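K.L.:
Chains as they are written, first to last, in the working numbering: chain L, 1 to 94; chain C, 95 to 323; chain W, 324 to 807.
Just so you know, these hints were derived from the structure itself, not from any lab.
The model shown is predicted, which means the values in this text are computed figures rather than measured ones.
There could be a bad hint or two in this list.
To be verified - One side of the interface only, derived from the structure: several residues of chain C facing chain L at Cβ under 10 Å:
#1 R97
#2 A118
#3 Q124
#4 V149
Stated by the list, open to error - Label pairs and their computed distance ranges (CB to CB):
#5 N587/W x E138/C: 48 to 58 Å
#6 R199/C x R348/W: 41 to 51 Å
#7 R348/W x T2/L: 51 to 61 Å
#8 Q368/W x T264/C: 24 to 34 Å
Using N, Cα and C, we set each Cβ at its ideal position, and we do this for glycine too.
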Amino acid sequence: MTIDLWYAIVGSIIVALSVFAFLTSRHLMKKLLAFNIMGSGVFLIMVGLPQHQHGVDPVPQALVLTGIVVAVSATALALVILRRYVRAGGNPAP
Amino acid sequence: MSRSLRIAAAGIVAFGTLYALILAVLNAPQMQVNLPQQVALNLEQSGIDHPITAVLLNFRSYDTLLEVAVLLVAVVTGLALRERDALTAHTEQARDPMLHALTRRLLPLLLITSVYILWSGSYAPGGAFQAGALVAAAGVIARLAGYDIASRADVLLRLGLALGFILFLTVAVSAMFGGRPFLNYPEGWAGSLIFLIEAVLTFSIGLTLISLFVHAPGDSSPRGGDDDD
Amino acid sequence: MTPILLIIPLAFAILTLLLPRNWARATIIPGLVLQVGAAVLLCIQIYHDGPQDYALGDWQAPLGISLIADGFSVTLLALTSLVAALCAVYAQYFLTRYPREQRYFWPLFWFLLAALNGIWLAGDLFNLYVGLELLGLSAVGMVALTAEKTTLKAALDYLYAALFGSLAYLAGVALLYGAYGTLSIVQLSEMAAANPTTQVALGLMTVGLLLKTAIFPLHYWLPPAHGGALAPVSALLSALVVKASFYILALLWLDVGALAVTVNAAQAMGFLGAGAIFWGSWQAFQTRQIKMLVAYSTVAQLGYLMLLFPLAIGVSEAAAHLAWQGTVLHLLAHAFAKAAMFLAVGTLVLALGHGRINDFGGVSQRNPVALFAFGLSAVSLMGLPPSGGFNAKWLLLQSAIASGQWHWFVVMVIGGLLTAAYVFRVFRVSFVQTAKHDIQETHPALQFSALALALMAIGLGFASEIPMSFMNLTDFTPSPGGSP
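Can you make the complete structure from the sequences, with help from the hints?
P.N.:
See below:
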């Protein structure tokens with residue numbers, strides 16, 4: 001087993017754990033954290049699986065960078081809406 | 095749904111996901127396309143020495159263009175959700191001499207590191223987003239230390255946010271006037287144009303992340319919600 | 324030519340973001356004219372020259388990303404431009420009451436349009452992910468614009484569903500790249516074989532896209548988001564945005580993964596569709612708020628799209644062809660009719676000052692044009708002739724008969740009756756009862772843009788040949804069989 005395949009397996013475990021957390025937690029902030037951790041798991045699979053066969057591959061590494069920026073934007077947007085929602089009297093843990 | 099039922103259902107879904115993913119990872123067939131080889135073969139033509147930057151800003155620059163648009167959408171929504179009646183900034187922190195001295199020494203350091211990261215992107219890991227994140231970190235520290243860095247003019251703020259995207263799009267479109275495809279760089283200019291785009295993107299990304307932080311609704315949003323022109 | 328359709332919305336997004344408010348307003352109409360013009364020109368070009376690939380940056384796929392313009396994508400481009408243009412005309416007058424929201428509506432509107440055009444044209448799986456995120460974030464931003472407590476909650480639920488859905492999709496993309504080493508749709512459709520990796524990848528992507536398309540039972544986020552947003556936003560979301568993830572789903576099942584999908588899985592997708600039709604219609608029949616009725620109607624109508632999979636996978640070529648044509652026509656007719664319905668309902672709510680169906684008495688006298696637009700779009704939704712909806716359901720029924728799948732025939736017939744049931748609730752109240760409150764006048768542009776869309780839904784019944792002739796220009800038609 002190469003280290004890259006190990007990355008992909010660890011990524012799978014992280015995804016499964018964060019799916020569990022996303023489904024069980026009620027607080028919207030915790031769900032957002034679960035989403036971010038799940039993203040990291042997916043990125044690990046994305047880099048690990050192809051490198052297991054072809055060695056260092058810049059394409060998935062670049063894709064992950066794009067994915068990270070998209071995840072940061074989405075997280076920022078979620079935080080802005082969440083805070084505005086709490087300010088409007090909403091309950092973040094329905 | 096009762097709590098234990100919910101946990102049981104989530105557990106089943108999570109185990110199913112784990113099983114499926116491991117199955118898929120362990121049974122992956124032999125890849126038929128060797129993309130890293132193609133990247134290596136075309137690296138010289140791309141005008142950039144570092145393969146990841148070459149993929150991001152030349153081979154797959156369309157993804158990056160849309161990704162900058164995603165950032166812009168997030169910050170536009172952030173600006174739209176500013177609060178009008180926000181409290182004014184609390185400035186007493188700035189009077190703390192220790193914090194003041196520390197911040198003044200930290201900020202230049204952060205900015206220099208960010209310029210280095212930006213520069214190194216063309217031959218080593220680094221680039222616009224990492225550098226932009228450092229600029230944003232500097233801005234957030236300054237804001238937390240009580241410096242009022244919120245933009246006074248809303249128009250200028252919006253221009254700064256969009257500047258990187260505008261430059262990227264202009265370069266991409268200008269290729270079409272020369273009869274070349276969208277997002278193509280002119281012969282011999284790719285390296286310098288990519289660096290220029292990355293430099294401006296660094297500024298815009300930093301400003302985007304800072305504005306998302308500063309204008310977030312909540313405890314302190316200085317003179318928020320002034321969206322008149 | 325092809326990338327013009329991306330450049331126009333992106334450029335106008337920046338213009339409307341930077342220009343002062345009045346100037347920004349003045350750019351809307353020229354932008355829409357350019358957009359519709361470019362879409363029509365591309366249609367003509369594809370009609371004469373056949374499908375086209377465009378290598379962005381002159382890097383051929385799989386190293387670079389290519390845009391693919393074929394018959395299906397240009398049909399959707401034309402649909403997007405038309406619906407968006409009429410929604411924008413409506414929004415110009417509707418948003419005069421919302422000066423703060425108006426400032427940020429237009430940049431988000433153009434980004435949304437860029438994302439839609441990007442998705443229709445994408446020839447790369449990862450690029451579709453970025454397109455989906457751009458689409459999802461701008462849609463969520465538009466829902467959240469009014470910043471009221473209920474819409475913020477709806478926007479959050481929508482955002483979480485969209486994010487979770489795109490991550491599931493991305494996980495599938497990661498597996499496919501790890502298995503085949505390419506992201507190009509053209510290459511993958513040649514390579515993807517029936518093995519566990521492909522099937523798990525397709526499964527993950529399907530779950531993610533079902534969540535984003537709001538297919539029963541993953542539809543929970545749609546009614547509050549579509550029912551709570553401003554009227555032009557609801558129209559754009561219901562008519563166009565949910566179709567983007569369906570488009571990718573169809574692409575995956577019938578093109579990329581055609582060899583890896585099974586007949587049983589396709590039947591299961593059909594059962595989800597049937598669930599959506601029954602549950603959505605029942606909820607639409609129950610709800611008290613008119614906008615929620617229209618939103619639940621979207622849940623139900625999206626169910627018909629799911630019937631594509633059982634009707635086109637594992638059946639004869641003729642039946643699959645009919646199913647494919649019927650689904651495309653249903654997609655187009657629903658887009659026109661649902662946009663018209665949301666705009667008409669938005670006008671009625673504006674005139675009455677509330678959205679309670681039981682107090683809708685009297686609108687037939689004071690807002691006849693808007694009510695007429697509602698009625699015409701309802702005709703298409705119910706599938707009565709002459710309308711695009713009728714032709715679509717006729718083709719789907721024929722396909723069900725041709726492949727001997729009578730259970731889907733029954734589902735569609737009952738679905739039509741249920742649609743009639745919830746639509747007539749509105750008519751009964753608005754014609755029979757007299758006004759209890761003051762009913763205000765509304766701007767004629769609001770009523771007539773809704774009417775124009777409704778007339779398009781009806782007109783599609785007479786002009787179904789046009790989209791059908793474009794559909795023959797695509798190599799992405801269902802292959803008979805699939806694997807048993």
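K.L.:
Does each hint hold? Answer for all of them.
P.N.:
Results for each hint:
no., hint, in the structure
1, R97, "holds, 9 Å"
2, A118, "holds, 8 Å"
3, Q124, "holds, 7 Å"
4, V149, "holds, 4 Å"
5, N587/W x E138/C: 48 to 58 Å, "holds, 51 Å"
6, R199/C x R348/W: 41 to 51 Å, "holds, 48 Å"
7, R348/W x T2/L: 51 to 61 Å, "holds, 59 Å"
8, Q368/W x T264/C: 24 to 34 Å, "holds, 25 Å"
The structure shown violates none of the earlier numbered hints.
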